[in-house]
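**Q** One letter stands for each residue in the lines below.
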Amino acid sequence: MSTRTLISPAQLARPRGKVLYWIAFAVVTIVFTLVFVGPLYWMVISGLKSPQEFARTPPTLIPDAVHPQNYADAWGVMDLARLLFNTLYYAFGALAFQLVFDVAAAYSLSKLRPVFGKAILGMMLLTLMIPATVLVVPQYLTVLDVPVVERNLINSPWAIWLPSVTNAFNIFLLKRFFDSIPRELLDAAAIDGASSMRTLRSVVLPLSRPILGVVSIFAVVAVWKDFLWPMLTLPDPGKQTVNVGIYSLAASVSENWLLAALAIASLPTLIIFLIFQRNIMSGLSAGSLKG
Amino acid sequence: MTSPPALSENKTRPSPRTDSRVRRPERDAFMAAFKRNLTAHAFLIGALLCFSIFSWYPMVREFILAFQKTENGETVWAGWSNLTYIFNDPAFWQAWRNTLLFTGLALLLGFAVPFAVALVLNEFRHGRGYLRLLVYLPVMLPPVASVLLFKYFYDPGYGLFNRILESVGLPGQAWLQDTDTAMISVVIAATWMNMGGATLIYLAALQSIPGELYEAAELDGAGILRRIWHVTIPQTRLILSLMLLLQIIATMQVFVEPFLLTGGAGPEGATLTVVHLIYQYAFTFNNYGSAAALGLVLLVLLAGFSAAYVRLSRAGSED
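Just so you know, the protein sequences line up as chains A and B, in that order.
Counting from 1, position 233 in the first sequence corresponds to residue 233 in the numbering used here; the numbering is continuous, with no gaps.
Counting from 1, position 257 in the second sequence corresponds to residue 257 in the numbering used here; the numbering is continuous, with no gaps.
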């Protein structure tokens, strides 16, 4: 913990250093709290104000009268239960498809090593080189009329789930983790007569919990935060995600209701973050280089 | 436990059998390899199908679309006409000017601010967990929440930002409604929303700098700024350049922030970006050919940055 950084410990230990350190620390903590929590606080209390108080200048920091009813009204008028359920359904469906298909693919590429395995991995990684926004148009046209099966997936959850599997970065992270599992463990399982599936289930997956956690969190959060793709592929108001649904109703509801709705919509990912912050932070450094 | 797999035993075992049977182990080996490949491909099939339909096919289709057009319900080859069409569209040049301006401003703010924040946070011995949590908080919000919040703050009438400016005696701004300030307003919102990831990655990189280097620099009489310049920056150069490339690639594709803040184009097209123009071509005018052609131009430009990123990260993981 006491690793040497830019400023030397000796300098910090001097009285002047100590005073400066605590002043800097206090200023940074206050400013950061204002900058990053302030807007959230404003969102939550504005959702509690009456329309008259919301429009007042200067704005009140603590609402004179609290109207929790706004939250209930926003919930009912904007049909937030449906929007939240839809988003949850898409996010966890995408997670399930990614866990099954991407984990199986990474396991195959890492441990079963089929012919053309390297070429397939290369082709998958190539998709990371193509800007995602460039592919939106041809992907949209593909979803309108999926080749071979000739289905239109507009307004269907499949339009979210299946494209989410093409996450080359997740496959890369998983494969890199599987590569670090010693060959001997798998050979031992094979000698005991375990099939490839059994080896994956009983040896590889239990060892891979940390990376599976990271991949899962990012898979869910990615669907939760996505905007353009669900807006294009799920135009039916009954099928929309939280992001798109609130956006399309934003102009037609009163402001304190809208802010209450935004506060409700922010809650699920904030809870995920507060629970899994350790995994999320370690996942960020796993995704980047060792430095 | 470390015995080699059963397969290699077959090969090394001397065969006392007659000629006609010598072939069998070879055939067994072939069958085993065939079966192994069959299993391996069975594990791959789900991902392969998804990639084929939703990734590789659209990639090929992007190139085809760029050279096709649809007239009276019939799709015909268009040669270069989609490209000449977009080059002659004044919106094309405006979108590129705006996108480059956004990228420039976003790098100025979005690249420098997270590094400075990481430098400061790394010096603190207290409350690091709390401060890190704060910086990453906006990244976890649904974009519609953060963007609409900023829309309220930017409101020239009752917005919070003008309130703050007035309280310190500065004139209020029109923010998103003024062609001069619209883009910088979008950049500020985008930086607030997205800086958390970069900050945490820099923080991890700073923690891996050996303390002896700072000690040595201090003994040589280097002040804080020179220590940053001669120790911190060279030691984090790789991660800094990788993040710079990633940010260029990401910011050139900006769409959601201007779309939600100003409806995309903004006052007199002041926040019209390249990706928003692709969106307009495709989904407002149903002109998929021009959308694909513009996509191709963006792709070619970004391919250089992507290639540089791949080369740099390979070189980085080899040391």
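Honestly, the hints are just simulated from the structure, not real lab data.
For clarity, every value in this text was computed on a predicted model and none was experimentally measured.
All C-beta atoms in this analysis are idealised placements derived from N, C-alpha and C, irrespective of residue type, glycine included.
Just so you know, not all the hints are guaranteed correct.
Stated by the list, open to error - Where chain A lies over chain B, by a calculated footprint (3+ residues, C-beta under 8 Å): (1) 38-46; (2) 71-79; (3) 89-95; (4) 174-181; (5) 266-273.
To be verified - Within a straight-line C-alpha distance of at most 35 Å, the following computed DSBU-like cross-link-like pairs (lysine-lysine) qualify: (6) A:Lys-111 - B:Lys-35; (7) B:Lys-69 - A:Lys-225; (8) A:Lys-225 - B:Lys-151; (9) A:Lys-175 - B:Lys-151; (10) A:Lys-175 - A:Lys-225; (11) A:Lys-225 - A:Lys-118; (12) A:Lys-18 - A:Lys-111; (13) A:Lys-118 - B:Lys-151.
**Q** Do the alpha carbons of Lys-18 of chain A and Lys-111 of chain A lie within 35 Å of each other, as the hint requires?
**A** violated, 55 Å
**Q** If you count the residues of the segment 38-46 of chain B with a beta-carbon closer than 8 Å to a beta-carbon of chain A, do you get 3 or more?
**A** holds (count 6)
**Q** Check whether the Cα positions of Lys-118 of chain A and Lys-151 of chain B lie no farther apart than 35 Å.
**A** Given that 35 Å is the threshold and the Cα spacing comes to 48 Å, the pair is violated.
**Q** When you check the alpha-carbon spacing of Lys-175 of chain A and Lys-151 of chain B, does it fall within 35 Å?
**A** violated, 42 Å
**Q** Is the hinted pair Lys-175 of chain A and Lys-225 of chain A satisfied, with a Cα-Cα distance of at most 35 Å?
**A** holds, 25 Å
**Q** Okay, the segment 71-79 of chain B and chain A, do three or more residues pass the C-beta test at under 8 Å?
**A** Coverage by chain A is violated here, the residue count being 0 at a Cβ distance below 8 Å.
**Q** How about the segment 174-181 of chain B: do at least three of its residues have a C-beta closer than 8 Å to a C-beta of chain A?
**A** violated (count 0)
**Q** Straight-line Cα separation of Lys-225 of chain A and Lys-118 of chain A no greater than 35 Å?
**A** holds, 32 Å
**Q** Within the segment 89-95 of chain B, is the number of residues with a Cβ closer than 8 Å to a Cβ of chain A three or more?
**A** violated (count 0)
**Q** Decide if the proposed pair is consistent with the structure: Lys-111 of chain A and Lys-35 of chain B, CA atoms, cutoff 35 Å inclusive.
**A** Distance of about 14 Å is within 35 Å: holds.
**Q** Per the coverage rule (Cβ-Cβ under 8 Å, at least three residues), is the segment 266-273 of chain B covered by chain A?
**A** violated (count 0)
**Q** Hey, Lys-225 of chain A versus Lys-151 of chain B, does the alpha-carbon distance stay inside 35 Å?
**A** holds, 18 Å
Hint compliance for this structure: hints 2, 3, 4, 5, 9, 12, 13 are broken, all remaining hints hold.
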